[in-house]
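Construct all of the structure, not just a fragment, from the sequences and the given hints.
Chains as they are written, first to last, in numbering that gives the first Met the number 0: chain A, 0 to 617; chain B, 0 to 418; chain C, 0 to 156.
Hints in this document: simulated from the structure, not taken from any laboratory.
In this text the structure is predicted, and so the values were computed from the model without any measurement.
Check each hint, because a few of them may be wrong.
[Stated by the list, open to error] Straight-line alpha carbon distances no greater than 30 Å define the calculated BS3-like cross-link-like pairs of lysine-lysine that follow: (1) K317/A <-> K50/B; (2) K50/B <-> K135/B; (3) K150/A <-> K285/A; (4) K60/B <-> K2/C; (5) K150/A <-> K402/B; (6) K398/B <-> K388/B; (7) K108/C <-> K353/B; (8) K315/A <-> K393/B; (9) K60/B <-> K150/A; (10) K575/A <-> K555/A; (11) K50/B <-> K215/B; (12) K555/A <-> K108/C; (13) K315/A <-> K398/B.
[Said to hold, decoys possible] So the derived list for chain C, only partly shown, Cβ under 10 Å to chain A, looks like this: (14) D7; (15) L15; (16) L23; (17) A32.
Glycine residues also receive a C-beta, built at the ideal position from the N, C-alpha and C atoms.
If you want the building blocks of each chain, they are given just below.
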Amino acid sequence: MAWTRQILRVNLTEGTCIAEPLNMDWANQYLGQRGLATRYLVEEVDPKVDALAPENKMIMATGPLTGTMASTGGRYSVITKSPLTGAVACSNSGGFFGAELKNAGWDMIIFEGKAASPMYLHIENESATLVDASDLWGKSCWETDELLHAKHQDPQIRVACVGRSAESGCLYSAIINDLHRAAGRSGVGTVMASKNLKAVSVRGTLGVGNIKDPARFMKSVKAGKKVLAENPVTGEGLPALGTQVLMNVINEVGAMPTRNMQEVQFEGASKISGEAMLEPRASDGKPNLTRNGGCFACTIACGRISTIDREHFSVKDKPQYWGNSGGLEYEAAWALGSDTGVDDLDALTYVNFICNEDGMDPISFGATVAAAMELYEKGVITTQHTGGMELKFGSAEALCWAVEQSATGEGFGADINLGSRRLCEKYGRPELSMTVKGQEFPAYDPRGIQGMGLTYATSNRGACHLRGYTVSSEILGVPEKTDPLTTDGKAGLVKAFQDATAAVDSAGLCIFTTFAWSLDDISPQIDAACDGDWSPERLVEVGERVWQLERDFNMKAGMTGADDTLPDRLLKDAAKTGPASGKVCELGNMLPEYYQLRGWSADGNLTAETRSKFGLPS
Amino acid sequence: MIYLVVGSGPAGVVAAERLRKLDPLANISLIGSEPEPPYSRMAIPYYLTDKIQEHGTYLRKTAMHFEKLNIQLVQQTVTSIDTEFNRLITDDGETRRYDKLLLATGSRPVVPPVPGIDAPGVHNCWTLEDAREIIKLAKPGASVVLMGAGFIGCIVLESLALRDVRLTVVEMENRMVPRMMNDISGNMIKRWCEEKGVSVHTSTRAESIEALDAGKLRVNMSNGQSVDADLVISATGVKPNIEYLAESGVYTDQGIVVNDYLQTSNEDIYAAGDVCQGKDFNTGEYTVQAIQPTAVEHARVAAANMVRGHRTEHVGNLNMNVLDTIGLVSASFGQWMGVPGGDSAELVNEKEYKYLNLQFKDDVLVGGSSLGLTQHVGVIRGLIQSETKLGSWKERLQKDPLKVMEAYLACSQSQVATA
Amino acid sequence: MQKSLSIDPGKCTGCLQCEMACSLENEGVFNTAKSRIKVFTFHEEGKFVPYTCTQCDEAWCMHACPVDAIVVNAATGSKDVISDLCVGCKVCTIACPFGTVNYNADSGKVVKCDLCGGDPQCVDACPTDAITYVDANATGLDKMRQWAEKTDNTVGS
Chain A
0 MAWTRQILRV NLTEGTCIAE PLNMDWANQY LGQRGLATRY LVEEVDPKVD ALAPENKMIM
60 ATGPLTGTMA STGGRYSVIT KSPLTGAVAC SNSGGFFGAE LKNAGWDMII FEGKAASPMY
120 LHIENESATL VDASDLWGKS CWETDELLHA KHQDPQIRVA CVGRSAESGC LYSAIINDLH
180 RAAGRSGVGT VMASKNLKAV SVRGTLGVGN IKDPARFMKS VKAGKKVLAE NPVTGEGLPA
240 LGTQVLMNVI NEVGAMPTRN MQEVQFEGAS KISGEAMLEP RASDGKPNLT RNGGCFACTI
300 ACGRISTIDR EHFSVKDKPQ YWGNSGGLEY EAAWALGSDT GVDDLDALTY VNFICNEDGM
360 DPISFGATVA AAMELYEKGV ITTQHTGGME LKFGSAEALC WAVEQSATGE GFGADINLGS
420 RRLCEKYGRP ELSMTVKGQE FPAYDPRGIQ GMGLTYATSN RGACHLRGYT VSSEILGVPE
480 KTDPLTTDGK AGLVKAFQDA TAAVDSAGLC IFTTFAWSLD DISPQIDAAC DGDWSPERLV
540 EVGERVWQLE RDFNMKAGMT GADDTLPDRL LKDAAKTGPA SGKVCELGNM LPEYYQLRGW
600 SADGNLTAET RSKFGLPS
Chain B
0 MIYLVVGSGP AGVVAAERLR KLDPLANISL IGSEPEPPYS RMAIPYYLTD KIQEHGTYLR
60 KTAMHFEKLN IQLVQQTVTS IDTEFNRLIT DDGETRRYDK LLLATGSRPV VPPVPGIDAP
120 GVHNCWTLED AREIIKLAKP GASVVLMGAG FIGCIVLESL ALRDVRLTVV EMENRMVPRM
180 MNDISGNMIK RWCEEKGVSV HTSTRAESIE ALDAGKLRVN MSNGQSVDAD LVISATGVKP
240 NIEYLAESGV YTDQGIVVND YLQTSNEDIY AAGDVCQGKD FNTGEYTVQA IQPTAVEHAR
300 VAAANMVRGH RTEHVGNLNM NVLDTIGLVS ASFGQWMGVP GGDSAELVNE KEYKYLNLQF
360 KDDVLVGGSS LGLTQHVGVI RGLIQSETKL GSWKERLQKD PLKVMEAYLA CSQSQVATA
Chain C
0 MQKSLSIDPG KCTGCLQCEM ACSLENEGVF NTAKSRIKVF TFHEEGKFVP YTCTQCDEAW
60 CMHACPVDAI VVNAATGSKD VISDLCVGCK VCTIACPFGT VNYNADSGKV VKCDLCGGDP
120 QCVDACPTDA ITYVDANATG LDKMRQWAEK TDNTVGS
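Structure below.
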């Protein structure tokens with residue numbers, strides 16, 4: 000069990016909220032969260048639908064372990080068709096919202112249609128109500144969170160909402176929950192806003208029971224926590240430095256994309272690293288990092304809680320940003336810093352705050368600004384477009400200006416909010432967009448980490464590190480070390496990571512556990528909680544089924560094997576410095592083998608045999 | 000040493016136990032007028048709803064509790080006290096000598112001056128015997144009129160509602176629980192009751208009660224309406240039991256007046272509980288509080304002073320109360336109505352029946368009242384009684400009064416440095 | 000030697016493992032809303048403060064109980080609610096100046112920390128040792144004790 004077996008269907012057009020039983024056949028095939036919600040999406044949404052049309056649906060889904068004591072078991076995902084990529088979107092978030100939703104008795108919420116005017120959904124256990132949100136429209140995520148808490152006068156409610164960026168149509172808008180946790184990527188927030196849905200507030204006090212074998216579950220949960228505590232990455236590195244533990248490491252191996260991925264090492268990396276966040280600053284002697292914080296049930300606690308130097312130009316006159324809030328994670332620090340060439344830690348923290356406050360994905364935002372900066376330096380974008388701002392690489396001032404523009408979509412913000420691909424197309428230089436399937440890259444240059452090239456090219460949601468994090472193996476040696484500069488065996492490695500990740504995402508757990516946990520650690524927890532057999536082998540099978548289902552959706556949406564590629568810059572322009580010097584990403588060496596392992600045709604289509612093997616819907 | 004404790008409610012029982020602890024060899028008697036073992040009136044509402052049996056109302060549950068402590072239980076009614084010879088006289092004509100006497104004779108319901116109030120079928124809800132009678136008459140579907148929506152009225156109301164009777168409440172004041180709740184929250188409780196099917200008449204008095212046929216009663220109200228009832232419960236207030244002191248020379252006012260050692264005007268006589276007019280923590284005035292925590296506190300302090308001399312000063316009790324009105328929990332603390340020149344914070348959520356009111360003097364909390372909140376409410380007492388300086392947290396509480404637990408943690412535990 | 004809970008907010012990451020362990024032990028379900036220990040978040044300050052009953056010597060709740068439903072556990076020193084005896088009158092919830100006795104509307108009874116009978120599950124669950132169960136004399140509970148004394152109505156009793 001562990002599922003509540005109940006889903007909430009919210010029709011925004013009709014204004015109805017209806018409970019229905021969870022399809023347990025699908026739960027047995029797809030486990031929960033990412034996989035299960037994708038199954039619903041595939042069933043209910045035409046893959047060719049306009050992502051921002053009322054016909055698209057948006058699903059907020061928990062996993063069977065969400066809301067339990069399994070370490071990191073507090074997650075939810077947002078599944079929809081992405082307006083940024085046109086592919087299936089699945090954005091995963093921590094914080095406390097997902098667990099609260101589960102505690103209210105819901106495995107998932109399916110939103111369909113579009114409200115005539117702004118609404119928010121308020122859930123208190125079995126009661127779900129759509130409420131007028133005209134007073135919230137035009138407010139930031141932070142204001143919305145505060146207003147909803149004030150309105151319901153319950154400090155314990157958890158809020159997921161969209162900010163002004165999403166309202167203005169920014170294509171990479173996130174859904175922000177608990178002030179600084181995000182279902183970040185692929186513009187899921189844009190879809191939410193397109194439905195005139197401003198926020199979801201939840202209070203759940205029913206608890207999460209339905210554990211198949213509570214004693215065995217607690218035994219495996221405790222064993223799992225012990226493994227995390229004793230692992231150097233999850234037990235020491237991540238709590239101390241967060242994901243920012245990677246900044247110096249990745250820079251040293253020459254896989255740090257810099258200045259719109261023109262280079263693979265950033266000279267300012269150490270200034271914006273996790274280590275730098277611990278250094279006392281000159282003004283007040285306090286470090287950027289106040290402490291680490293955990294999401295619901297997480298015993299790793301990689302979250303950063305930071306302050307900005309009050310004397311920094313970005314906040315000098317804005318005391319509302321002087322308190323603590325969500326600090327820089329590695330991907331954000333990279334996109335906002337290395338990719339734009341900015342090495343000003345306080346500026347990056349400020350921009351990160353604003354991304355949280357108004358709901359932008361900092362990866363896509365930073366990478367789009369990086370593209371705009373390259374266009375500016377190449378003379379394509381000028382101060383006439385920017386209203387006078389000199390959009391140069393390395394300019395903290397330009398970066399802070401850009402984030403304020405993006406937050407509201409005003410002025411040049413409307414261009415930034417297109418995302419890198421559409422921006423570069425608009426200015427006639429599509430080759431300068433560092434994207435796959437329209438989504439901006441994260442923080443690992445595939446010239447220095449070859450497996451990541453295949454991960455990006457084949458990711459079902461466009462360029463993304465969280466669909467198959469071979470950095471674990473290629474750089475950190477988990478579960479075993481492979482050479483980042485070769486392509487041998489990478490097809491199998493990428494597939495294995497992709498399948499395992501899909502299973503972990505579908506369980507309600509955080510992918511960061513897999514720095515320490517193998518499926519042998521995870522499977523006993525799921526198996527003790529959920530009805531059915533959840534052996535490691537079965538989880539791999541479920542993971543692969545999820546992957547195939549997502550792929551199938553994308554192909555039906557009109558994608559082809561030709562979309563499984565990388566920008567020429569990564570395939571043709573060799574890295575100039577570092578260990579990967581002289582290397583390009585040898586995607587062509589890996590892709591055919593990968594297709595074969597996946598059971599796809601040479602042009603990347605699912606074969607009939609594969610479809611039937613995984614029981615995919617027709 | 001002979002200690003007599005008169006009154007076997009919470010104050011009497013706690014005092015007798017405390018006396019025993021402090022003076023293992025003394026002769027201790029606990030004199031009560033009711034035929035039951037010492038029980039708690041607080042528990043009667045739960046007895047009415049069958050949540051507990053009679054045994055569940057007993058103050059002490061262990062068999063032979065008082066015997067084991069060598070405390071003699073006496074069922075007698077004290078009629079007067081002879082302070083010259085340190086003895087009291089009981090209704091059977093006996094006298095009992097004491098070295099030290101504690102008066103914990105409690106209070107009793109007032110009888111409102113309403114014609115027909117003595118008709119059969121009109122009951123108080125005060126003693127176990129009252130409760131037994133009410134249980135007999137308050138059958139499901141019966142019509143019950145409750146006179147008075149004060150604390151006791153409301154707590155009875157809860158039990159009556161749970162017995163599925165048709166309920167009508169008549170209250171003189173303009174709102175329910177007027178001594179605990181202000182206009183806003185008192186009327187929220189009224190609305191809550193009405194939503195639960197209770198007919199509530201505020202700013203209304205019962206003018207007369209007529210006995211009809213077959214044991215039925217008719218209550219005529221000042222608003223011109225009348226209600227026929229199977230049972231009328233009178234809960235219009237209580238007053239201290241002090242009449243037996245008339246000739247004693249022990250000084251009484253509203254209740255028995257005591258000093259800061261809970262000693263009465265007679266040096267060998269102390270008082271505690273509902274009958275005692277003791278010091279109020281907030282105001283420093285001497286008032287009858289008639290609440291359980293105060294009764295227990297009085298008893299402990301009085302007993303200590305009776306045994307060891309005046310080493311334990313009574314610094315005053317915080318007036319506070321908590322009430323459950325058909326599932327809506329309310330609480331009040333100290334000067335919940337505010338103080339001159341003070342500030343306040345208020346949160347009103349009519350729709351969800353939530354209310355919180357905090358009252359400050361400078362940056363110190365001096366009172367508060369809440370509705371619909373059940374978590375961490377005690378900390379309001381803690382903040383008031385420790386007179387904690389709230390500093391910048393006062394402003395934060397004025398913005399969001401629900402942060403009261405956070406304010407306490409930040410101000411009292413020094414665990415939260417300010418940003 | 001009696002032991003007590005020692006809480007070091009500096010180590011707390013706000014993960015709520017303690018709240019879940021507590022609710023599992025006492026309610027048989029993962030439900031932070033029913034935990035007897037509560038983590039308070041100070042967002043601006045970047046602090047998390049777990050808080051529960053300190054099993055104070057004054058035992059306000061116990062003395063305020065009209066039906067003798069709160070007793071001292073001789074083995075652990077905790078003040079335990081005897082659920083069968085509790086009538087749900089809530090007087091203890093206003094008497095406790097720490098706000099750590101709370102009413103549970105579902106059961107109609109009050110709940111408070113009972114140290115899980117000597118094996119506190121929050122301690123076991125805490126990943127950072129922010130909550131430990133140590134000899135009472137070594138807990139640094141002094142601050143809380145001082146607070147308790149400030150709240151005490153009596154001097155020298």
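Hint by hint, here is what the structure shows:
With a CA separation close to 58 Å, the supplied pair K317/A and K50/B exceeds the 30 Å bound. Restraint check for K50/B and K135/B: satisfied, since their Cα atoms lie roughly 16 Å apart, inside the 30 Å limit. Simply put, K150/A and K285/A have alpha-carbon atoms about 35 Å apart, too far for the 30 Å limit, and the pair is violated. Only pairs whose Cα atoms come within 30 Å are accepted, and K60/B paired with K2/C is accepted, the gap being roughly 28 Å.
At roughly 15 Å between alpha-carbon atoms, K150/A and K402/B fall within 30 Å of each other, so this suggested pair holds. Distance hint between K398/B and K388/B is fulfilled; the C-alpha atoms sit about 17 Å from each other, no more than 30 Å. A distance of roughly 20 Å separates the Cα atoms of K108/C and K353/B; the hinted pair therefore holds under the 30 Å criterion. With a C-alpha separation of about 26 Å, the suggested pairing of K315/A with K393/B holds against the 30 Å cut-off.
A threshold of 30 Å between alpha carbons decides the hint, and for K60/B with K150/A the separation of about 46 Å lies outside it, so the pair is violated. At most 30 Å may separate the alpha-carbon atoms for a hinted pair to count; K575/A and K555/A exceed this at roughly 39 Å. Of the supplied pair hints, the one linking K50/B and K215/B holds, its CA atoms being roughly 28 Å apart against a limit of 30 Å. With a C-alpha separation of about 57 Å, the suggested pairing of K555/A with K108/C is violated against the 30 Å cut-off.
Note on K315/A and K398/B: the hinted pairing holds, with a Cα-Cα distance of about 25 Å set against a maximum of 30 Å. Proximity of D7/C to chain A is violated relative to the hint, the smallest CB-CB distance being about 12 Å (cut-off 10 Å). At about 6 Å, the closest approach between the beta carbon of L15/C and any beta carbon in chain A falls short of 10 Å, and the interface hint on this residue holds. Taking 10 Å as the C-beta contact cut-off toward chain A, the hint placing L23/C at the interface holds, the least distance being around 7 Å.
Contact between A32/C and chain A, as hinted, is supported at the beta carbon level, the nearest pair being about 4 Å apart and thus within 10 Å.
Hints 1, 3, 9, 10, 12, 14, counting from the list given before, are not met by this structure.
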